[in-house]
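Enquirer: For the record, the sequence lines run as chains A and B. Read left to right, the first sequence gives residues 104 to 218 (this note's numbering). Read left to right, the second sequence gives residues 4 to 121 (this note's numbering).
FYI, nobody ran anything at the bench for these hints, they're computed from the structure. Since we're looking at a predicted model, the values are computed, not measured. From the three backbone atoms N, C-alpha and C, an ideal C-beta is built for every residue, glycine too. Hints may be right or wrong, so weigh each one.
Under 8 Å between C-beta atoms, here's a sample of chain A residues computed to sit facing chain B [claimed, not checked]:
| id | residue |
| --- | --- |
| 1 | C116 |
| 2 | R118 |
| 3 | S145 |
| 4 | T151 |
| 5 | Q207 |
| 6 | Y208 |
| 7 | G210 |
| 8 | G212 |
| 9 | L215 |
The calculated lysine to aspartate or glutamate pairs, modelled on EDC-like cross-linking and capped at a C-alpha distance of 16 Å, are [as the list claims (entries may be wrong)]:
| id | chain 1 | residue 1 | chain 2 | residue 2 |
| --- | --- | --- | --- | --- |
| 10 | B | K108 | A | D114 |
| 11 | B | K60 | B | E73 |
| 12 | B | K72 | B | E58 |
| 13 | B | K66 | B | E20 |
| 14 | B | K120 | B | E20 |
| 15 | B | K45 | A | D114 |
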Amino acid sequence: SAVISQKPSRDICQRGTSLTIQCQVDSQVTMMFWYRQQPGQSLTLIATANQGSEATYESGFVIDKFPISRPNLTFSTLTVSNMSPEDSSIYLCSLRASGSTDTQYFGPGTRLTVL
Amino acid sequence: EDQVTQSPEALRLQEGESSSLNCSYTVSGLRGLFWYRQDPGKGPEFLFTLYSAGEEKEKERLKATLTKKESFLHITAPKPEDSATYLCASPLEVLPPSAKAAGNKLTFGGGTRVLVKP
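Chain A with its partners taken away, still in its complex shape:
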């Protein structure tokens, strides 16, 4: 399976600021996803990011709050804009394995705390 890395691994930010999270994969993948995991909760999909097209956002998530870039097949960024304490979560990128399987593999996550 592909190796997925995220930066930063954790951060503590002040409300009103923005943080950009990077996701790097060691092989080319078509479909990448960004998830949020709030404290004690399961994972919720924020958006799907395909290279060469606009990200597709899920209900409850908007581009102005969570802009996503996908400049190539191995890299994506998620920005959490104008942060509030309610944005404190673990943010995870994932990729869908190539070939016929639906399997998604996840990065190690970015733990964000907003004060």
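Fit chain B to the known structure of chain A by using the hints.
Expert: Chain B only, in chain A's frame:
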């Protein structure tokens, strides 16, 4: 609305005490089922994918099974290192494994926190 529900929310086991976790899903048809293990502060680690009712997959002390309505993750003779949160998920769209195109977003259950005490 498609839903994925896991039970119990938490499970405390003695080392060697076998048990099962349940994942039920309400979707319009049989969907694929994914099982993940998540350790605190880490991303989910892929365990199994099941596509067909009656399918079973094993990995060390874990065995996943699938029916038309639910999936079970059986933990046989667990050890303390099996302590983790176990997540199941289903793609809202899935095609047979033989198809090139595949499903997209995963809907996750709430997870089962498993604690195995020595």
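Enquirer: Please go over all the hints and tell whether each is borne out by the structure.
Expert: Evaluated hints:
1. C116: violated, 18 Å
2. R118: With a minimum Cβ separation of about 23 Å from chain B (threshold 8 Å), the hint on A:R118 is violated.
3. S145: At 4 Å from the nearest chain B Cβ, A:S145 passes the 8 Å test, so the hint holds.
4. T151: This hint holds: A:T151 lies near chain B, its Cβ roughly 6 Å from the closest one there, short of 8 Å.
5. Q207: holds, 6 Å
6. Y208: holds, 6 Å
7. G210: This interface hint holds because 5 Å falls under the 8 Å limit.
8. G212: holds, 5 Å
9. L215: violated, 13 Å
10. B:K108 / A:D114: violated, 27 Å
11. B:K60 / B:E73: holds, 15 Å
12. B:K72 / B:E58: holds, 13 Å
13. B:K66 / B:E20: Given pair B:K66, B:E20 holds - Cα atoms ~15 Å apart, limit 16 Å.
14. B:K120 / B:E20: holds, 10 Å
15. B:K45 / A:D114: holds, 15 Å
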